[in-house]
Amino acid sequence: MRVVIADDETLLREGLARLLADAGLDVVGKAGTAEELMRRVELTRPDVAIVDIRMPPTHTDEGLVAAQEIRRSHPSVGVLVLSHYVESRYAMRLLEEHPERSGYLLKERVSDLAVLVDALERIADGECVLDPTIVSRLVRRPREESPLDELTEREREVLALIAEGHSNDGICKQLFLSPKTVETHVRHILLKLGIGETHEYHRRVLAVLAYLRG
Amino acid sequence: MRRWTIAVGVAALGVAAGLFTLGVARDDPGYGFAGSSDASGAALLAAGWALIGCGLASWVRRPASAFGPLLAAAGFAWFLPEWNNPAIGSAPAFTLGLALYAACPPLVAHAVLAYPGGRLGSRIEAGVLAVAYTGGLLVLGVLPALVFDPQAEGCGQCPANLLLVSDQGGVAEDLYRAGMYAGLGWALALSLLAVVKLTRASRPRRSVLAAGAAYLVLVAASFAVSLDRGFVSNGTLERRLWLGQAVALVAVALGIVWSWVRARRARSAVARLVVELAQSPPPGGLREVLSGIVGDPELLLAYPLRETGNLVDAHGRPVELPAGRETTSLMRDGRPVAVLAHKSGLLDDEQLVEDVTSAARLALENERLQAEIQARLEELRASRARIVEAGDAERKRLERDLHDGAQQRLVGLSLSLRLLRSQLADGGDGEALPQLAAAETELRNATVELRELAHGIFPAVLADEGLAAAVEALAEEARVPIRIRSLPERRYDAPIETAAYTVVAEAARIATSTLVVAAKASPGALVVEVETQDGDALDVAALEDRLGALDGRLVLVRTDNGRVTIRAELPCAS
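Protein chains in written order, with this note's numbering: chain A, 6 to 219; chain B, 1247 to 1820.
Bear in mind the hints are in silico, worked out from the structure with no lab data behind them.
Glycine included, C-beta positions come from ideal geometry on N, C-alpha and C.
Everything hinted at is true.
Residues on chain A that point at chain B, a partial pick, calculated with CB under 8 Å:
| id | residue |
| --- | --- |
| 1 | Val91 |
| 2 | Glu92 |
| 3 | Pro147 |
Every beta carbon over 10 Å from chain A, so not counted as near; a handful from chain B, in silico:
| id | residue |
| --- | --- |
| 4 | Trp1250 |
| 5 | Arg1308 |
| 6 | Tyr1347 |
| 7 | Ala1372 |
| 8 | Val1388 |
| 9 | Gly1415 |
| 10 | Ala1466 |
| 11 | Ala1470 |
| 12 | Asp1474 |
| 13 | Gly1570 |
| 14 | Pro1582 |
| 15 | Arg1607 |
| 16 | Ala1787 |
| 17 | Thr1811 |
I would like the entire structure built from these sequences, with the hints used as guidance.
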């Protein structure tokens, strides 16, 4: 897999590049600013661009803006935004517009190679990826009377995995369940939450996230 | 008393001069303007007596001003051209008429331009007037009189010219002609000055200036039609111009009388002021009252602060005196209590200013003190706002430093550990691996804790995305359900967003059950309402401090079911 890495912190950028190279990925470009990132993407057309959310000059959301721009102008290039922000709103800005081939992980995941590589592969496959910490915040947030209370423990697990962007196959692997069982769980969950049956994968992710955030 | 005696004496002299002049004019109507008809006789007397009367009355009212004497003198001078009449019979009177027959226009112009204070407005006015006096009194008066012999010029029955030095008929004629040309110039220049002054003058003053300007234009016209002859004849056109001058002079007098009537009305308004002030007007009300009394809707009333002298309005807000308006200080014990910015000439009547000041003394002092207190409060509020803002800015900086500095380092460190682990694993040196994994876990926990700490210091989402995003994020992490009724999507100034957020965050911090949040933009304010079960635990003082710094308000409304609605109103430009 070919990736481009954008982070203004040299140490992080180089470290991450080495880690990914060791894991067998092909790091085809590195960038310290959003502009440089756009140039690298333009030149190398990677499978995924890994982008830090905070970049010069204001260090707020330049990375996110650049990621959106990449999704807009290069539909074949996936993006993975690394962020300090655990609030779902930043992630939703990215996912709502282009759920396919987009991912949003908390920055501390960089040292968790398995999670990182898994996320990159899923993004390259066209899935969308949302950090488990952000999802678990959404699932666990205090609510008044809610249909979520009626879900079984297993159903809640499945719900969280749907929100993280996993496909049914992915959920099967994660929970060691048969495809049939997963399908049943998914149908039950959507029914209980009153989310209309939808087989389209991305629409399902967004509907669940919208439900959890609402 | 003596002033009255003098005035009555001069008035009697004026009556006599008028009647005498009319007699002379009637004796031989061929030489003047006034003798040809009853109407012109009436015009002669009306204009002359009006000027003399108004001049004397002005002098009695305001002896320090040169205006009254100037106007009275102009009244006498108005009669003099008629004295160039052979029928006058008296050599001194005839000579006087000869020497001063063009004295009236400069005197009227002087009086009108100096109305009512007696002082001219500018050097230009003084300069043009000097030219006019020279032209009217010397070039058209005394100088030609020295060389003009009426008998030699064909006026057999004329009395002797007492000023005659030697008969130089040609020189006299040249002088007269030059005087006419000059007269056309200065009369027009003076009327122009009067018009310029008029544009900036108060209403009563304006009518006097307008009438004066009209008179001077008519004088200029008389000169213009006589340029070739070198003397003003009494043809039909000249007669009409003279009649017009008489009417303009009467109008000058009427304008002055009108200003007295206004002043009287203003005085009675001062009495009304006393009554109205007895009912103590609200802050700023004094301006309304005064503006009504002096008849200037744009009147500005400002108070100088004791310490700095800076001007503030009745609410303590800084004001600047508008350019191009006259200002009058209302003094008390030698110190200005208030400053009025008004139309120019409006408060020329010193007596009126004094009356107003003393009538409104208490109210002025009261409003000034109020303004002073308000100004101090405003200063205090501003400094409180600065302190709060400085605190917020500091927290924001700290949050950013933690994110961009410390947290970034920790992430970098965990990355390094992860690389080290790979290397060790590759090198077959497996003993240290478990410790390394433990260190990585520790490090990850530290990173999470640091993130939460930074977020607790200041939510970056508030600065980046605004109130709605920040409250939604708060709802994700709060310990209790937060039901959001409405949130404004628009952005507000940072201090307002921070204050609004703090109200919700503070309520969420102490909440033990569901919060209901509604933030709405109302005209001129952002209103945040948080309904909670735990209103009693709220640190009201801290929130009030924060809101007060923005001139906002905190209201706690208790509902029947024992819940409390915390209502914060934050004024802002909508």
